[in-house]
Amino acid sequence: MDRFVFLTLDGLSRGAVYAAFALALVLIWRAARIVNFAQGAMAVAAAYAAYSVSAATGSYWLGFAAALATGLLLGAVVDVAVMRFVDHRSPLNPVIVALGLVLLIQAVLGMVYGNEFRPAQTPFSRTAFTIGGVAALSPYDVFVFAAVGVVGAALAWIFTRTAVGLRMRAAAFAPDVSRLLGVNVGGMLTLGWALASGVGALAAMLVIPTELGLHPHAMDLVFVSAFTAAVVGGLDSPPGAIVGGLGVGLLLSHVSGFAGSDLVPLAVLVLLLAVLLVRPGGLFAPVTARRV
Amino acid sequence: MSGDGAAGDLLAVEGLVAGYGAAPVLHAVDLRVPAGAIVAVVGANGAGKTTLLRALSGLLRPTAGRILLDGEELRGTPVEQLVRRGMAHVPEGRGVIGELTVEENLRLGGLWRRDRADADRAREEVYELFEPLARRRRHLGHQLSGGERQMLALGRALVARPRLLLLDEPSLGLAPRVVAQTMALLRQLRDRTGLAVLLVEQNVRSALTVADQGVVMSLGRVVTTAPAARLRDDADLRHAYLGF
Amino acid sequence: MSATRVAAPAASRTAPEGPAGRWQVPTLVRHLGIAVAAALALVAVSYGLEPFRNFQLATVAAYLCATAGLTVLTGLNGQLSLGHGALMAVGAYTVALSQDAFAERGVTAGGTLVVSLLAAVLVTVAVGAVVGAAAARLRGPYLAGVTLAVAVVAPALTVTFAGVFNGEQGLAVPVAPPPEALGVYFPYERWQLWVAGSATLLCLVLLGNLVRSRYGRTFRAVRDDEVAARLAGIHVARTQVLAFVVSAAGAGLGGALLAVLAQSVSPGAFSLTLSLFLLMAVVIGGLGRLAGALWGAALLVALPDLTHTLTDLLTLSPAAAQRLEGNLPLAIFGITLIVVMIAAPGGVQGLLSRAVATLRARLPGRRS
Chain X
8 MDRFVFLTLD GLSRGAVYAA FALALVLIWR AARIVNFAQG AMAVAAAYAA YSVSAATGSY
68 WLGFAAALAT GLLLGAVVDV AVMRFVDHRS PLNPVIVALG LVLLIQAVLG MVYGNEFRPA
128 QTPFSRTAFT IGGVAALSPY DVFVFAAVGV VGAALAWIFT RTAVGLRMRA AAFAPDVSRL
188 LGVNVGGMLT LGWALASGVG ALAAMLVIPT ELGLHPHAMD LVFVSAFTAA VVGGLDSPPG
248 AIVGGLGVGL LLSHVSGFAG SDLVPLAVLV LLLAVLLVRP GGLFAPVTAR RV
Chain Y
6 MSGDGAAGDL LAVEGLVAGY GAAPVLHAVD LRVPAGAIVA VVGANGAGKT TLLRALSGLL
66 RPTAGRILLD GEELRGTPVE QLVRRGMAHV PEGRGVIGEL TVEENLRLGG LWRRDRADAD
126 RAREEVYELF EPLARRRRHL GHQLSGGERQ MLALGRALVA RPRLLLLDEP SLGLAPRVVA
186 QTMALLRQLR DRTGLAVLLV EQNVRSALTV ADQGVVMSLG RVVTTAPAAR LRDDADLRHA
246 YLGF
Chain B
474 MSATRVAAPA ASRTAPEGPA GRWQVPTLVR HLGIAVAAAL ALVAVSYGLE PFRNFQLATV
534 AAYLCATAGL TVLTGLNGQL SLGHGALMAV GAYTVALSQD AFAERGVTAG GTLVVSLLAA
594 VLVTVAVGAV VGAAAARLRG PYLAGVTLAV AVVAPALTVT FAGVFNGEQG LAVPVAPPPE
654 ALGVYFPYER WQLWVAGSAT LLCLVLLGNL VRSRYGRTFR AVRDDEVAAR LAGIHVARTQ
714 VLAFVVSAAG AGLGGALLAV LAQSVSPGAF SLTLSLFLLM AVVIGGLGRL AGALWGAALL
774 VALPDLTHTL TDLLTLSPAA AQRLEGNLPL AIFGITLIVV MIAAPGGVQG LLSRAVATLR
834 ARLPGRRS
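Chain order of the listed sequences is X, Y and B.
In terms of this note's numbering, the first sequence is residues 8 to 299.
In terms of this note's numbering, the second sequence is residues 6 to 249.
In terms of this note's numbering, the third sequence is residues 474 to 841.
Rather than coming from a laboratory, the hints here were simulated on the basis of the structure.
Fair warning: this is a prediction, and the values are worked out from it, not measured in the lab.
Wrong hints could be hidden among the right ones.
To be verified - One-sided excerpt, in silico: chain X residues whose CB lies under 10 Å from chain B:
hint, residue
1, 41
2, 63
3, 228
We put the CB at the ideal spot given by N, CA and C, even for glycine.
Please work from the sequences and hints to get the whole structure.
Here you go:
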């Protein structure tokens with residue numbers, strides 16, 4: 008029973024990270040109708056920026072801030088400098104370009120920092136509290152929940168209550184009509200990319216310290232897990248991404264606990280296949296069709 | 006009616022050529038909309054009416070010709086800037102954003118304005134004008150009926166307090182009663198606020214009841230321009246150009 | 474025209490008539506002819522090149538099997554697979570296990586390699602059928618995501634089942650030396666080139682025939698308009714699976730050849746990056762043109778080689794040199810993918826075709 012509680016809480020903590028990353032994927036899907044396969048690589052780049060800044064200043068939080076800033080900037084740059092020029096009529100083109108970005112970003116990181124694993128700091132302890140003799144959450148887990156919760160709430164507030172958010176939604180749902188209403192659709196798209204990339208950077212900062220360490224391929228499996236989460240929830244649904252993320256986190260945690268961590272990647276693959284074959288639209292697939 | 010009078014025209018289109026791909030759809034189109042006038046562009050399917058409006062608002066880039074709004078060249082202006090210059094375009098199918106609420110759709114129409122107070126005032130005026138919209142403020146766009154969407158699309162354009170309104174087939178898919186109401190409303194707005202309207206319609210009869218001027222297009226060219234009354238009443242003209 | 478047909482019915486009965494009644498060489502014969510010519514050329518070249526170049530050429534041949542298969546799948550059939558590196562791994566590990574089994578039993582007859590290669594192809598085809606069946610209903614980013622998952626997960630399986638696959642260290646592939654009939658001093662690399670080259674040419678002939686056949690047309694039809702294809706009576710799911718299986722065969726053979734050439738196999742050589750490399754090779758070649766697959770395969774081998782030369786020229790510390798050498802090809806591949814997809818989606822072959830077409834149009838008297 009203790010083990011179950013521990014695995015569940017640990018799973019929710021991982022799940023929160025997957026939820027954040029899945030949210031980033033859903034953001035870009037809704038705005039630009041592409042799955043950003045480069046999201047993981049972009050997030051790792053932001054984490055490396057944090058590493059450099061922390062190493063130079065000795066402060067974790069300055070590095071954290073640098074990661075978020077890098078994420079935002081990188082997202083905007085990728086949209087303006089690369090994605091803007093891709094012919095979106097063929098659905099393969101943006102995917103292939105994103106994969107090219109993956110190769111490029113990971114290679115540049117490898118050239119600058121090397122491919123070894125580097126230790127990643129945590130600002131809080133990862134030792135779990137014990138409540139009544141049962142191992143529960145650690146301070147770090149609480150930090151993860153808080154960070155993801157704050158970011159999620161902030162995004163929800165931005166999109167539903169601000170003028171900018173309204174513009175972004177309108178630009179995503181009906182770009183031509185929005186232009187006629189004076190909305191700078193291109194700018195809104197770039198903003199969407201920036202926000203999504205920032206969230207991805209946050210997810211990387213939260214998850215990498217819990218893994219083997221920082222290296223160019225650190226986010227590959229996270230991407231696959233978060234993609235699975237986004238698909239489970241439905242690519243069009245932000246609440247779905249969160250539920251999907253938590254679900255995937257729980258599943259993987261229990262698989263790891265009861266069957267060994269070796270089987271985790273396989274479990275992700277099986278889950279992804281199962282969802283795509285049974286309910287391709289995801290659990291939260293919206294009913295209304297999208298108008299232009 | 007054509008030729009001179011450029012000084013008094015709100016919108017002047019000269020020799021407009023536009024199309025998709027190799028062959029142009031519009032061939033040297035000339036058109037004038039005087040301030041405070043309602044001009045109806047009529048013609049069969051494929052005449053290029055929708056293409057004309059898209060070229061005017063910049064969704065389609067013209068390859069030749071001039072578009073002058075109050076004497077200023079409009080060609081090359083980014084689409085987002087049009088509404089700031091006083092031109093509002095309600096596209097074919099009305100363009101109500103189904104995923105947003107009525108309130109959000111209307112807010113969107115006025116977001117570009119710096120004068121927030123006046124934008125809010127304009128929105129309230131729209132609610133007064135279209136009472137059903139006020140009742141269904143929180144409903145999503147796709148939950149509205151055809152007539153209500155018409156009101157929403159019009160209201161959203163009016164929130165920007167435009168000088169010129171481009172309307173693409175407002176009668177499409179609507180009951181005759183609703184169409185009549187819409188046309189009467191356009192006249193009302195013109196009389197009250199001096200709003201100029203460029204109206205594109207397949208439903209010739211209803212368009213000509215409200216218009217001052219009629220422009221007949223066929224296969225991308227302007228075939229004739231005449232006062233609407235003449236097009237309505239002169240049987241020969243009607244037979245020749247409108248087929249009834 | 475009808476007179477010609479009536480006059481010589483007996484002679485033209487076995488030869489298929491092309492358009493305008495001209496006698497056309499059957500596709501199979503044409504492809505075999507090209508293959509034989511290429512084989513002869515290859516043999517001649519193999520005597521002139523130094524051993525390392527022979528080895529490189531053999532590696533190009535191995536990659537070519539995989540890129541040709543992927544061209545059929547992604548270019549012709551429109552299914553984007555990011556998992557073909559994993560399929561190459563399946564072929565590679567199968568050949569390793571098979572050769573190992575032969576060696577343990579002391580069987581050293583010359584045909585063992587052929588049997589192992591065949592086994593590799595068959596096993597990969599089986600895996601490809603499973604993945605393809607699962608993927609047949611998926612489109613666009615969903616298909617890409619699933620195949621990406623396969624590519625990321627597959628190397629991890631070598632650790633999960635470490636008993637068979639020996640985890641990170643991998644397996645050795647025992648390969649027999651060249652047959653004695655060729656002479657005692659026959660260079661090993663030349664033998665490698667002959668083996669890889671012949672396997673690849675066979676693979677290309679089969680793929681080439683497939684592309685020109687009814688199946689090739691079916692692949693294209695499904696890619697261009699799935700609904701229309703369905704309405705025309707094409708069984709879409711079966712077509713998708715067939716394309717996947719064919720490409721898996723190519724990948725399996727390619728992976729097996731790589732393992733034979735390197736005489737070892739390990740998960741590190743078959744990571745996600747390899748899948749992305751294959752994709753880049755196909756994209757550069759020009760999605761859908763088999764001739765383009767050759768450009769891509771050549772680039773996969775040439776670029777790391779050039780990078781190595783470059784890092785040798787610059788005097789760098791060993792650590793820095795290793796970083797540069799390991800990553801510069803990846804960076805260039807990445808940039809290439811981006812630039813090609815933006816500027817020239819038809820790839821190198823597309824550019825060439827367009828250039829030829831523009832030249833032809835400019836010839837005097839051809840303007841319409």
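Q | Structure-inconsistent hints, enumerated in ascending order | A | Those not satisfied come down to hint 2.
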